[in-house]
Amino acid sequence: MRDAWRVLLDTGSGRVGVAFLAILVLVSLFVVVRLPLDFGSTRWNNPAVWADNPKSAPPAWWAWFRPGKTVPHAVFQSSGPASGGLEQTYAFSYALKGDTPPSFMAFSLSDVRFSDRPPVVSMEVRRADGKSVVLLRQVVRGPRPGEQPPYVRYQDTPLRLNLSGENDVLANVGGWFQDEFGVNVAPDELQGKLEAAVFGVPTPGQPGEFQPLRGDYQFVVRAAMGNPSDSVGNVKVVMGGTVYGVMGTDALGRDLALGLLFGFPVALVIGLSTSLLSTTLGTFLGILSGYMGGKTDIAIQRFSDIWSNIPLLPILVFLIFVLGQKLWLVVLMMILFGWPGLAIVVRSMVLQMRSGQLVEATQALGASRMRIMFRHILFQIAPFVFAQMIFFTPAAILAEAGLSFLGLGDPSIPTWGQILESGFRTGAVYVGYWWWVLPPGLLIVATAMTFVLLTLGLEPVVNPRLRSMR
Amino acid sequence: MINSPMLRVQDLRLSYSTARGELPAVDGVSFSVQAGEALGLVGESGAGKSSLALTLMRVLPRNVAHHSGVVEMEGADCAGMDDETFRQRIRWSKMAMVFQGAMESLNPVVKVGEQVIEPMVVLGHVARKEAAQEARRLLELVRLPSETYDRYPHELSGGMKQRVLIAMALILKPRVLILDEPTSALDVTVQAQIMDQLKDLKRDLGLTILFITHDIALASDLCDTIGVMYAGKMAELGPAERVLRSPSHPYTRLLLASVPRLHQEEQPGFIPGSPPDMLALPLGCRFHPRCPHVFGRCRVEEPPLLAVSQEHHARCWLVEQRT
Amino acid sequence: MSLAFTLAVRGLTLLGVLVLVLLLVVVVLGATGFSDRMLTAIVNEELRGIREGMARTIHDPDQLEAAVKARRQELVDFYGLNKPWYTRLPDMVKRVVTLDLGEARNLRSFKGSPKVASLIMERLPYTVLLLTTATLITTVIGLVVGVKLATQVGTFLDRGVSYLSAVSYALPAWWAGILLIVLLAFDLHLLPAGGLHSTPPPQGGLLRFLDLLYHAILPITTLVLVSLGAWIYTVRTMVLNTAQEFFVTVARAKGLPESRVMRRYILRVAAPPILTNVVLGLAASLGGAILTETVFNWPGMGRLYYEAIMTADESVIVALTFMFTLLYVAARFLLEVLYVVLDPRIRYT
Numbered sequence: 130m131r132d133a134w135r136v137l138l139d140t141g142s143g144r145v146g147v148a149f150l151a152i153l154v155l156v157s158l159f160v161v162v163r164l165p166l167d168f169g170s171t172r173w174n175n176p177a178v179w180a181d182n183p184k185s186a187p188p189a190w191w192a193w194f195r196p197g198k199t200v201p202h203a204v205f206q207s208s209g210p211a212s213g214g215l216e217q218t219y220a221f222s223y224a225l226k227g228d229t230p231p232s233f234m235a236f237s238l239s240d241v242r243f244s245d246r247p248p249v250v251s252m253e254v255r256r257a258d259g260k261s262v263v264l265l266r267q268v269v270r271g272p273r274p275g276e277q278p279p280y281v282r283y284q285d286t287p288l289r290l291n292l293s294g295e296n297d298v299l300a301n302v303g304g305w306f307q308d309e310f311g312v313n314v315a316p317d318e319l320q321g322k323l324e325a326a327v328f329g330v331p332t333p334g335q336p337g338e339f340q341p342l343r344g345d346y347q348f349v350v351r352a353a354m355g356n357p358s359d360s361v362g363n364v365k366v367v368m369g370g371t372v373y374g375v376m377g378t379d380a381l382g383r384d385l386a387l388g389l390l391f392g393f394p395v396a397l398v399i400g401l402s403t404s405l406l407s408t409t410l411g412t413f414l415g416i417l418s419g420y421m422g423g424k425t426d427i428a429i430q431r432f433s434d435i436w437s438n439i440p441l442l443p444i445l446v447f448l449i450f451v452l453g454q455k456l457w458l459v460v461l462m463m464i465l466f467g468w469p470g471l472a473i474v475v476r477s478m479v480l481q482m483r484s485g486q487l488v489e490a491t492q493a494l495g496a497s498r499m500r501i502m503f504r505h506i507l508f509q510i511a512p513f514v515f516a517q518m519i520f521f522t523p524a525a526i527l528a529e530a531g532l533s534f535l536g537l538g539d540p541s542i543p544t545w546g547q548i549l550e551s552g553f554r555t556g557a558v559y560v561g562y563w564w565w566v567l568p569p570g571l572l573i574v575a576t577a578m579t580f581v582l583l584t585l586g587l588e589p590v591v592n593p594r595l596r597s598m599r
Numbered sequence: 007m008i009n010s011p012m013l014r015v016q017d018l019r020l021s022y023s024t025a026r027g028e029l030p031a032v033d034g035v036s037f038s039v040q041a042g043e044a045l046g047l048v049g050e051s052g053a054g055k056s057s058l059a060l061t062l063m064r065v066l067p068r069n070v071a072h073h074s075g076v077v078e079m080e081g082a083d084c085a086g087m088d089d090e091t092f093r094q095r096i097r098w099s100k101m102a103m104v105f106q107g108a109m110e111s112l113n114p115v116v117k118v119g120e121q122v123i124e125p126m127v128v129l130g131h132v133a134r135k136e137a138a139q140e141a142r143r144l145l146e147l148v149r150l151p152s153e154t155y156d157r158y159p160h161e162l163s164g165g166m167k168q169r170v171l172i173a174m175a176l177i178l179k180p181r182v183l184i185l186d187e188p189t190s191a192l193d194v195t196v197q198a199q200i201m202d203q204l205k206d207l208k209r210d211l212g213l214t215i216l217f218i219t220h221d222i223a224l225a226s227d228l229c230d231t232i233g234v235m236y237a238g239k240m241a242e243l244g245p246a247e248r249v250l251r252s253p254s255h256p257y258t259r260l261l262l263a264s265v266p267r268l269h270q271e272e273q274p275g276f277i278p279g280s281p282p283d284m285l286a287l288p289l290g291c292r293f294h295p296r297c298p299h300v301f302g303r304c305r306v307e308e309p310p311l312l313a314v315s316q317e318h319h320a321r322c323w324l325v326e327q328r329t
Numbered sequence: 008m009s010l011a012f013t014l015a016v017r018g019l020t021l022l023g024v025l026v027l028v029l030l031l032v033v034v035v036l037g038a039t040g041f042s043d044r045m046l047t048a049i050v051n052e053e054l055r056g057i058r059e060g061m062a063r064t065i066h067d068p069d070q071l072e073a074a075v076k077a078r079r080q081e082l083v084d085f086y087g088l089n090k091p092w093y094t095r096l097p098d099m100v101k102r103v104v105t106l107d108l109g110e111a112r113n114l115r116s117f118k119g120s121p122k123v124a125s126l127i128m129e130r131l132p133y134t135v136l137l138l139t140t141a142t143l144i145t146t147v148i149g150l151v152v153g154v155k156l157a158t159q160v161g162t163f164l165d166r167g168v169s170y171l172s173a174v175s176y177a178l179p180a181w182w183a184g185i186l187l188i189v190l191l192a193f194d195l196h197l198l199p200a201g202g203l204h205s206t207p208p209p210q211g212g213l214l215r216f217l218d219l220l221y222h223a224i225l226p227i228t229t230l231v232l233v234s235l236g237a238w239i240y241t242v243r244t245m246v247l248n249t250a251q252e253f254f255v256t257v258a259r260a261k262g263l264p265e266s267r268v269m270r271r272y273i274l275r276v277a278a279p280p281i282l283t284n285v286v287l288g289l290a291a292s293l294g295g296a297i298l299t300e301t302v303f304n305w306p307g308m309g310r311l312y313y314e315a316i317m318t319a320d321e322s323v324i325v326a327l328t329f330m331f332t333l334l335y336v337a338a339r340f341l342l343e344v345l346y347v348v349l350d351p352r353i354r355y356t
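Protein chains in written order, with the working numbering: chain A, 130 to 599; chain B, 7 to 329; chain C, 8 to 356.
Pulled out of the complex, with its shape left as it was, chain A reads as follows (with noise of 0.2 angstroms):
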């Protein structure tokens, strides 16, 4: 094994492969402690955890390369009023720098307690021009015939708001614009361009379109309470923005950088288990064929021929259809047509080492069969079969993509090639949403190439004959 190391290191493409190698060990234990095991069922697949990001997004360093061209996305968060009171205030600075306006607005309202008359909530902002408009004034509901005070509210689910969906904010801002500009601009045509209109002014000539207007702009969210007691828990607004993250979202507005992270651990263990274990197995029956020769050899010979034969692809697809959609099933599906071609080679590798003075020697010596088999054998193949699994660890990662890729990935897992498979189905890949389409796949290949590199530093211990050529 020593020596196997030092070949390693010896080679450039194992040294590289070693260097690959740790960072995917090294950023998989980093996920593994810092994302909790069920992330995919409770965070991935949770649209709420990702209602406030905007929807299939490029990374939030696109920008440099668009100047002007994107806005960042910003989150105004507050869990106590700027002023006390009856009336409690809570403010947020937000600049414009660019042409481009934010793609949406959300407002969050989490935790509200009142005793007797509901609070209203309101949210103002003054623009960039001075002019100040109201955008939204939205009654808690009320309590409920037989509710009993104090009244809670929205303290499991939030209430969120996005504002270019609200009929009412839509009439303020246009009833304000008819006011101030005298634009007449009707609800549904300002519907999809809210934000411009609120960021922005007017464009002279044109009846229905804005120039953004850059500068300062203040958001002041008031909570007018009945009571004293009354309280409102958590205000949240949100400045969608066209670019997000370290990785950009998709469709559903999840980070991808959190999915692509959690695929690095999913990765490793698919293709490692399935490596190990099918290797194990496929080595165990090799030397058991080639070592007891005669029926049992026969009968396991003729065993692996036939399942070695079975197209992988079209049977996974088939099994995985009908028993389910399960990670764990794809790894057992993989190591049990994945044995035998390895117990092939090693069969006439131990059939070749079998009469050799070693095993001759040893058996001269009275060693017990058992004995003979595991430890002398196996010795001498250790070389290439740990050769063979680090070999077939990345066709175990590119099988599960594959077939994550066709739609059967297990969805409480996510994993690159399921990142892959919701952007091909949705479309990603016709619009040009590369920040979606490509990381997952150059992660995918990086990791491949990692063990395929490993397998070409080791091609030296497999072939000796390659050695003395350097």
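In short, the hints are calculated from the structure, not lab data.
Hints are supplied without guarantee of correctness; some may be wrong.
Stated by the list, open to error - List time: in silico EDC-like cross-link candidates among lysine to aspartate or glutamate, alpha-carbon distance up to 20 angstroms: (1) 322(A) / 240(A); (2) 122(C) / 265(C); (3) 205(B) / 146(B); (4) 117(B) / 252(C); (5) 100(B) / 43(B); (6) 117(B) / 350(C).
Given chain A, put chains B and C in place with the hints provided.
Same frame as chain A, now just chains B and C:
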């Protein structure tokens, strides 16, 4: 008057490039063989004998660092020829080689007969039918059954394969035949048969033979001249009778002593130590660390080939002492 | 003759594979209750039609229900639903073997037929077109480049191509396809993003054919790109190993010209192990074809598989699984024949 010899080799050198540096395999070897005669080259494995043969045939492996020396056939220079001329005029047609049958010397997917006629068809531009006839004749000559022509190599035994190699070597009727350990992979009875075969061929076809082996007894059976190689150089060279009866080099003596005799009482001797590392040769005579007769000068100065008699030379200071 | 005997044994083994897969499919379907569900769905579907038809003549609701129920019992008996699944096994096996593959639930062939057999027959040529063209191109390029590299081991070119081969092996076919689409179809508008023909398809035989080829360029390129790496590396390594064998030196000693040595002693001898590796890569090619067709919306069997999964059309999935195995086994057998012809050493005597 001595005619120009069939094969003359002068100061042949060959070295390989290895991870540890340039390794000399043949370090200045000279000999000549008259037409119809057999020269036996004897030495331990690693002495450079096979490399010498490959050099003569000019089929050197890729990692050769350097080779030089004079090689003449019937007075005509071979070493200086360009590769293509050598291939068309000399290789196999004038000088052929029988390889160690132990290694896979035959193409495993082509029938034996095909491989035998191949040089004739390709180089000699002879029609297949005639070439096949000639091949069958040769196979018969080396006492192989006629079906051998249509067999594949893996269907033949070691001895049969060796005979095929002999037939194959003779297909273009070469003048010189080099045999590299032709019997070391075979058991004794087969070995005897092959040796008989070779003696017959030498006599009937007038072949000039270079016989390479580690077994001096075997060489004595067939050869007129014997050269003993050690550590890349010729240690002793002379007529077979002389070398065998009055070996002048201590190494030769030890070699002969190590041959077990049928009715011998004592144990056969052996040569202590092992051949030197060609990258770390000892100072002075290359054999001196293992020599039972070593003295002062041996350790410091390497002896040249000194004449024991007119045609018998040995690379040992003892020769000088004796005369 | 030993040749025939060897082939017979191999053929039997491959037949065994088919049978095993068939049994596997059928048993899994039965044991998991899947076939029960499938058949129940079929029965319900048929009943719906029957009910509609009956409702026109029978107006009394109770009478209608009774009639439908009777028909239901008939159907259940007919499909064997009231018996345990393994009694249906022989029948199922027989039907698959005779290629009576039933009807699709949702999918339809181009002409609208729901028969699975016509669906598959329609799509088969397209898949074959893709696979054989890609394989041909890959083989030719791989042989040329691989042999070239084997003569230049250790050089910069050799190392470089080795790395590229590694990348190619690690590259998932479908992602490469996506990349190519994004790059060539979208950014550069050079080639179509998928499908078989442009819309509207051109008229005339030749133009249609050219249009087809135009659309085939990207999928074939994808398939070639992905399998080329491993193939080049295999050829290179096998040729290298063979070139180091002693009989190659002997061949040169025999005075044979280098071209002949290369052909008969190196390539010819390296052919069997190379072929073995081709066989190993065959399954991967199949998987690659399935995925590539999906990405490029190429109407072959692979794409059909994807559609069947998306619409949960069980009969198509089962039929296709079997068909793919059949294709694979047939290709394997062809290669086995080739192998036995090339390598006399493995023939049984």
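Hints versus structure:
Under the criterion of a C-alpha separation no larger than 20 angstroms, the hint pairing residue 322(A) with residue 240(A) is inconsistent with the structure, at around 31 angstroms. In summary, the hint linking residue 122(C) to residue 265(C) is not supported, as the alpha carbons are separated by about 58 angstroms, beyond the 20 angstroms threshold. The straight-line distance between the Cα atoms of residue 205(B) and residue 146(B) is roughly 16 angstroms, inside the 20 angstroms bound, and the hint therefore holds. A threshold of 20 angstroms between alpha carbons decides the hint, and for residue 117(B) with residue 252(C) the separation of about 18 angstroms falls inside it, so the pair holds.
About 15 angstroms separates the Cα atoms of residue 100(B) and residue 43(B), which keeps this hinted pair within 20 angstroms; it holds. Simply put, residue 117(B) and residue 350(C) have alpha-carbon atoms about 11 angstroms apart, close enough for the 20 angstroms limit, and the pair holds.
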